[in-house]
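Asker: Going down the list, the protein sequences come from chains A and B. Final position of the first sequence in this note's numbering is 458; the numbers increase by one with none missing. Final position of the second sequence in this note's numbering is 1297; the numbers increase by one with none missing.
No lab work stands behind these hints: they were computed from the structure. Note that beta-carbon positions come from the ideal geometry of N, C-alpha and C, so glycine has one too. Be a bit skeptical, because a hint or two may be false.
What the hints assert, rightly or not - Chain A residues, not near chain B, derived (Cβ > 10 Å throughout):
#1 35
#2 74
#3 113
To be verified - Stretch by stretch, here's where chain A covers chain B in the computed footprint (C-beta under 8 Å, at least three residues):
#4 1148-1159
#5 1200-1208
#6 1233-1242
#7 1254-1260
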Amino acid sequence: MPFNTLLTIFIVVIAFAFFAGQRRALKLKSDGSSLHSLPFYHGTWLIIVGVLPAIIILLVWSLLDSSVIRSVVLSELPASLMSVSAAEKNLLFSEIANLADGQTASPNADVLAPIADRYLLLQSMSGKLKLGLALIVSVIGFGLGWLRLKPDFRARNRFESTVKIILMSCASLAILTTVGIVFSVLFEAMRFFDSVSILEFIFGTHWSPQIAIREDQVGSSGAFGAVPLFVGTMLISAVAMIVAVPIGLMSAIYLSEYAGPKFRAYAKPLLEILAGVPTVVYGFFAAITVAPMLRDFGESIGMSVSSESALAAGLVMGVMIIPFVSSLSDDVINAVPQSLRDGSFGLGATHSETIRRVIIPAALPGIVGAILLAVSRAIGETMIVVMAAGLSANLTINPLETVTTVTVQIVTLLVGDQEFDSPKTLAAFALGLMLFVTTLCLNIVALYVVRKYREQYD
Amino acid sequence: MTTMTVDSNTSPQSSQEATQPVADISSNGLDSSRDYRQTVGKIEVANTKMSMRDVNVSYGDKQAVFGVDLDIAKNEVIAMIGPSGCGKSTFLRCMNRMNDTIEGCVVSGSLKLDDQDIYDPKLDVVPLRARVGMVFQKPNPFPKSIYDNVAYGPQIHGLANSKVELDEIVENSLRKAGLWNEAKDRLDQPGTGLSGGQQQRLCIARTIAVSPEVILMDEPCSALDPIATARIEELIDELSANFTIAIVTHSMQQAARVSHRTAYFHLGYLVEIGDTDDIFTNPKHRLTEDYITGRFG
């Protein structure tokens, strides 16, 4: 059934249920009984019992039916095709689906044609069953709900608890998605650790993920020591923070303590625009403008700066992070009660003494939280480093050299044609997992610090 | 300072009130022959510490204080009372230029501390505020230890040359504020952990630590319970031996209990000034009488 028709039917049914319930309630009221709930809630009650279960059935059925049909079809394959491997079964099934779609260019068309018909039949049956079941549930729900519409029926309470459940399921959906991502990364990472020892991964100092595909290939043994990547990540993040923290913090102090309201009204959004610049733009700014500039400058004073340096990537990333630091710090500095400023001024403290000795200490936990959030942002940043930091996994802390980061390696490991069961590809998941754990820890610390700060004033 | 955070009692309540005083009077059916814009009572005192003449304060377009003349004597406690929005807090905050931090606030007239003009452009506001300290409505200890709260002022003004001297100042200030016995074992704990009344005494200790000559108190007890209030009032009495104190209060009983002289403000004008006993037993102005007898305000 086309989606538009379905939508129209839904709207009509919902409207019908609502008005039926409301009319019923008004009727009860005009008969002289006093209602527990307003007629509106009686209307919504019929929607809840009449339409909601049907929607849930449609959704669940639609999610499940394709895999059910698939397994049924595959179990009915002719004996000659039953013995193939799982991967080939996948191919067979897509062939069947294509045939059913009307594409006949298949080598096994003769054998598969009856199966394709069977597949089509199953699909239409499933569709009818689905609608029929939804309809029956809807009617039953509606009928039972109708019978419960009495003057003393607590429709409002039902409505409230239903809304609560809907909101709760939305919230848990977000959490479940996160959990799902973590687990999918975790399982792939486990597969990686089957072929490479976890100790070698965490403590190894050599990173060279190319693996020989053929026996006679040379020079690609595969080494998965992640230390150079993490050192590179830390190096670039450190450069970024050295740029972002002082500038961000001082601009926050200026904005919140010294700037006039007019200036602030313009400057703060402008600063926050920096956060809205796509990182890919920062990336080519770093690669095309900053990196060559640094290299030329280095040459002019007789230093060798590689054309893709940690410094260039870090500087640009620092600029990108400034608005995070400044905006969050600005908020926490503003949250310091005016009474503390008054108290300090009242003692004859100057503005800078007040900022240094009262406001910053009072806001410090919030500022630390802001900085930690910025750090986890820097660690996870990808585009700038992909374009400006380079690919070679040097274990160095010299910011003038090329380094690579965890995120860059994940990108290069997964971009292009890859087989998804070689350690090379799976390494990306292990890296992702470690990155996730790192930023998660930072975020937890940051949230903890921020929360501690909140308790201080309320 | 970017925000115009003004306590509700320091900002004029409504422009209408301030711009139409005459209509206000007749609608109350009060004696209009005696204009409240003329101050009743004796402004001058012997042994003057602070002297204010023709003080006008406005926030942007709204004028909050109109031509107030007032002298404050050395070591006296002067109470300023009046309904909300009458300009008493605004006037108080002029005396150590706390109004400088409020944007759009304009002060005119002459305010003198020991014959020195407070609003002289050449005068540095930092030593002025060290000489004229302030205690606020809501206790506002810094989020530091009790010790550091008190030591803050002496440190920024360089009053102590050594740790021993600083310790001494802290102990003396806490003693004078009547907080020493409660706080001596927990000097390193945060000042925000004290109870409300203790916090306010800590703020007073902090203010005395820089040895001011005048202490301004802006409703120091309005956030406290009666017992803590009684404690502060006692303290004000003790402090008046060494300091000149100007206190703004909403509680007439408090004004009657702690002050030597009382000034009654109405709609930005100083209506009546006199000895506290006289004001409360025999007010000269109709508005004062109405206010202290609770007929309005």
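Asker: The structure should be examined with respect to each hint, and the outcome stated for every one.
Answerer: Each hint tested on the structure:
Listed as outside the interface, residue 35(A) is consistent with that label: its C-beta sits roughly 44 Å from the nearest C-beta of chain B, beyond the 10 Å cut-off. Under the 10 Å C-beta cut-off, the non-interface status given to residue 74(A) relative to chain B holds; the minimum distance is some 68 Å. No beta-carbon of chain B comes within 10 Å of the beta-carbon of residue 113(A); the shortest separation is about 77 Å. For a cut-off of 8 Å, the count of residues in the region 1148-1159 of chain B with a CB near a CB of chain A stands at 4, and the three-residue condition holds.
Here the region 1200-1208 of chain B counts 3 residues with a CB under 8 Å from a CB of chain A, which clears the bar of 3, and the coverage holds. Note: the region 1233-1242 of chain B has 0 residues with beta-carbon separation from chain A under 8 Å; the three-residue rule is not met and the coverage is violated. Restraint check on the region 1254-1260 of chain B versus chain A: 0 residues with Cβ-Cβ distances below 8 Å, three needed, restraint violated.
Consistency with the previously given hints fails for numbers 6 and 7, ordered from lowest to highest.
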